[in-house]
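So you can see what is in the structure, the chains are spelled out below.
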Amino acid sequence: MAKAEAGERTSITLGFLTVVEHEQHGFFGGYLLLNASARPLEFHCTAPIKPNRAQEILYGPTLRPYLYGEQIAHTLISKSTAKPVAVCTDEPAVLAVRELVSLPVALVGDPASAGDQQRGGPAAGRSVRIDAAHQSPRLVSFELGRNRLAVAAQYEGDRDELGRRLTSLADHLDLAEPFERIRGAIDEAQRAGK
Amino acid sequence: MSVDHERGSPAWCWSAAGDPLGAGLRTLSVYAKAMEVAPATDDGMAVPLSLAPRGAVKVPLAPPRIKTRHFVFPQVADDQKVLPDAQSSAPPVPPTLSASHDQRFTRIRPPGEMIKLEDRLYYALQPPLETIVSGQLLHFPFHPFPYQLEGVAFLYARYSAVLADEMGLGKTMQAITAIRLLLHSGELRRVLLICPKPLVTNWQREFHHWAPEVPVSVIEGDQAKRRWQWQLGESPVRIANYELLHRDRELLAPDTHFDLVVLDESQRIKNRSSTTAQIVRSIPRSRSWALTGTPVENSPEDLVGIFEFLSPGFLSPNLKPRRMGRLVSDYILRRTKDRVLTELPPKMFRDADVTLTAEQRETYRLAEDEGVLRLSKMGEAATIQHVFELVLRLKQICNFDPASGASSKLERLAADLEEVAASGQKALVFSQWVGTLDELRRRLARFRPLAYHGGVPSHRRDEVIRRFKEEADRPLLLISYGAGGVGLNLQFARYVFLFDRWWNPAVEDQAINRVHRIGAAGPVTVTRFLALATIEERINQVLEEKREIFDTIFSDAEPHKHLGLTRHEIFGLFQLKTPAGPIDLAA
Numbered sequence: 003m004a005k006a007e008a009g010e011r012t013s014i015t016l017g018f019l020t021v022v023e024h025e026q027h028g029f030f031g032g033y034l035l036l037n038a039s040a041r042p043l044e045f046h047c048t049a050p051i052k053p054n055r056a057q058e059i060l061y062g063p064t065l066r067p068y069l070y071g072e073q074i075a076h077t078l079i080s081k082s083t084a085k086p087v088a089v090c091t092d093e094p095a096v097l098a099v100r101e102l103v104s105l106p107v108a109l110v111g112d113p114a115s116a117g118d119q120q121r122g123g124p125a126a127g128r129s130v131r132i133d134a135a136h137q138s139p140r141l142v143s144f145e146l147g148r149n150r151l152a153v154a155a156q157y158e159g160d161r162d163e164l165g166r167r168l169t170s171l172a173d174h175l176d177l178a179e180p181f182e183r184i185r186g187a188i189d190e191a192q193r194a195g196k
Numbered sequence: 124m125s126v127d128h129e130r131g132s133p134a135w136c137w138s139a140a141g142d143p144l145g146a147g148l149r150t151l152s153v154y155a156k157a158m159e160v161a162p163a164t165d166d167g168m169a170v171p172l173s174l175a176p177r178g179a180v181k182v183p184l185a186p187p188r189i190k191t192r193h194f195v196f197p198q199v200a201d202d203q204k205v206l207p208d209a210q211s212s213a214p215p216v217p218p219t220l221s222a223s224h225d226q227r228f229t230r231i232r233p234p235g236e237m238i239k240l241e242d243r244l245y246y247a248l249q250p251p252l253e254t255i256v257s258g259q260l261l262h263f264p265f266h267p268f269p270y271q272l273e274g275v276a277f278l279y280a281r282y283s284a285v286l287a288d289e290m291g292l293g294k295t296m297q298a299i300t301a302i303r304l305l306l307h308s309g310e311l312r313r314v315l316l317i318c319p320k321p322l323v324t325n326w327q328r329e330f331h332h333w334a335p336e337v338p339v340s341v342i343e344g345d346q347a348k349r350r351w352q353w354q355l356g357e358s359p360v361r362i363a364n365y366e367l368l369h370r371d372r373e374l375l376a377p378d379t380h381f382d383l384v385v386l387d388e389s390q391r392i393k394n395r396s397s398t399t400a401q402i403v404r405s406i407p408r409s410r411s412w413a414l415t416g417t418p419v420e421n422s423p424e425d426l427v428g429i430f431e432f433l434s435p436g437f438l439s440p441n442l443k444p445r446r447m448g449r450l451v452s453d454y455i456l457r458r459t460k461d462r463v464l465t466e467l468p469p470k471m472f473r474d475a476d477v478t479l480t481a482e483q484r485e486t487y488r489l490a491e492d493e494g495v496l497r498l499s500k501m502g503e504a505a506t507i508q509h510v511f512e513l514v515l516r517l518k519q520i521c522n523f524d525p526a527s528g529a530s531s532k533l534e535r536l537a538a539d540l541e542e543v544a545a546s547g548q549k550a551l552v553f554s555q556w557v558g559t560l561d562e563l564r565r566r567l568a569r570f571r572p573l574a575y576h577g578g579v580p581s582h583r584r585d586e587v588i589r590r591f592k593e594e595a596d597r598p599l600l601l602i603s604y605g606a607g608g609v610g611l612n613l614q615f616a617r618y619v620f621l622f623d624r625w626w627n628p629a630v631e632d633q634a635i636n637r638v639h640r641i642g643a644a645g646p647v648t649v650t651r652f653l654a655l656a657t658i659e660e661r662i663n664q665v666l667e668e669k670r671e672i673f674d675t676i677f678s679d680a681e682p683h684k685h686l687g688l689t690r691h692e693i694f695g696l697f698q699l700k701t702p703a704g705p706i707d708l709a710a
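Residue numbers (the working numbering), protein chains in the order written: chain A, 3 to 196; chain V, 124 to 710.
Since the hints were made in silico from the structure, they are not lab data.
Honestly, I wouldn't trust all of these hints.
Claimed, not checked - List of simulated lysine-lysine pairs, DSS-like, C-alpha gap at most 27 Å: (1) A/85 to V/443; (2) A/81 to A/52; (3) V/470 to V/460; (4) V/500 to V/460; (5) V/239 to A/81; (6) V/460 to V/518; (7) V/190 to A/85; (8) V/190 to A/52; (9) V/348 to V/460; (10) V/500 to V/320; (11) V/348 to V/470; (12) V/190 to A/81.
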């Protein structure tokens, strides 16, 4: 590895954002910023957010993109001081934040199963829209290094952008790994808040 | 943006204000037209309407208020680290450590004692060990076992820790790897490792093996040199031995602060009032780690001594073993081979119960009668020391009759060794006495035995081990518990003979584990000699009870009613009447 390239790599900051659903408390957002060695730089998390019944009814299938992407993700990204080269998520609904930020936002993992793993499998009757309501979600999947990623179809250009920005990292970093850290940290923060 | 929608029926209509895909809906207005109660629909939309009075209802849809918490973690600049960042200079080579095929990562978890959320998150959000290692392009000579990585993760986050794995599980490697990673991350800059003198070269060798890029210096030489090493030396890792600390107490200036002090064989400080314990406790430091395979050798008080170094006042000698076990559970990591090394070759015990020869029996009887009579005459003036003298005398007779040299143990040992030598294997014979080892060396000369004990100068000991390992016609190593109980890797041998028994089962375990450890070539056979109907048999019962003490603290087993030896029990070996009060048998 050329030294210049190595130096460039060490200055990279990467964001990881997910939302954890808690049956009683609602939704917790967590946003972790890592350096190129996967060390934590910043962590931002939300207090639990519980939509009221009217919002659940009236937003219907757009509730998650609205809460995850437009509200939680947008708030967390706005509050961070470090500026990442991209934001990764394991929740398809978070991709809705791409409408509001100028960063590439990538879904990590297989889009068919993403977001279901931590909820114990596909929820019956639940659908997720990451673009306009009443349209089928459209994603563009691709491989980057050892990782499988997807971006929203209307931001297909992010694919090339991610390739440029993450090439030096994607070979040695497992981009799905940090989400477990975020979930652990949300657990810690929740316990501390009790 | 506003959205108007009218369902075909004359029942109701609604309008929404806001941007459903942008800033979100802000309000919803509902107009009831003809019916007071709207019919239910599949999606439950009738619920709020069913409560609506005739007329308009406004349902507020303000975006949720989102409270956030923010944590920014300290970063160590590259020029603040004592080790160069491998990734900025080293060529890209594949790391030798990766997550297992099932993607199981070894995670660093904050210890229970860590209170501040920010501190807890700092460790909870660290990458798994596999990522740290691959990110820093660090290499390992062998892929560590998963339990060893767990041990590294345990130490990494702790400021006070006892790694108490059973001997042979690689405590040295785990400590070195944790130190290595913390040095690379910049969290450590100055480390002091204190070990018994005979183990200094072993630690140097292991550092070279597991962390070749970490500069290590040994504190030694004349006083001026040592002063410089203590106070000005720049090596991030310094190794000192316990014996040296006594001489260098004055050289340890109060401002000589270490980020980490590691005590190897930390049972050395089990006696809280010993000079060694006082000196190590006085060393200014941020982190304190203790390594020992025998955190409790004799009584739970041993653990109190170690914790006085880790966290003064945390334990009290008056605590019951079970309570003590609960208190220390987050600070101590102990694994046994049975639990983590399921692939380690088996360890087989043979109790070689021998009957004394006629000559030995007669000598033994006379000595015991005479000794007991003498103790009885002393009455209240008899001390534990007097009893010990008698015990040692009788044990020596169980080894060899001093008058005739007769030994039923030797006869049995010699027969076994014939078989060992004939099969091309190697054996260790342990005794607590150099005199016994010398006698064995003379009587077993045909096996060309090598000796490793306190009488062998320390600078020649490495050579003894090398010859035992490399020379095929040297099948036998005569070794003392004191000199060879710790720090030696002799896993190429397959047989261990305990010619006489030590007072403490933990010391016997240490001896056995010189052979039965990672890398053991095959099953290990341990032969424990015991002279029937003698003091050895009675002591053996005591040893079994000591094992139960240990189990009480380090497992959920029911506490055993005999938690230590009392004077009554010691004197009871000879049915003597004694004053009351607890004693420390191994003192």
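Here is what the structure says about each hint:
| no. | hint | verdict |
| --- | --- | --- |
| 1 | A/85 to V/443 | 54 Å, violated |
| 2 | A/81 to A/52 | 21 Å, holds |
| 3 | V/470 to V/460 | 10 Å, holds |
| 4 | V/500 to V/460 | 49 Å, violated |
| 5 | V/239 to A/81 | 22 Å, holds |
| 6 | V/460 to V/518 | 31 Å, violated |
| 7 | V/190 to A/85 | 21 Å, holds |
| 8 | V/190 to A/52 | 12 Å, holds |
| 9 | V/348 to V/460 | 42 Å, violated |
| 10 | V/500 to V/320 | 44 Å, violated |
| 11 | V/348 to V/470 | 46 Å, violated |
| 12 | V/190 to A/81 | 11 Å, holds |
Of the numbered hints stated above, those contradicted by the structure are hints 1, 4, 6, 9, 10, 11, listed in ascending order.
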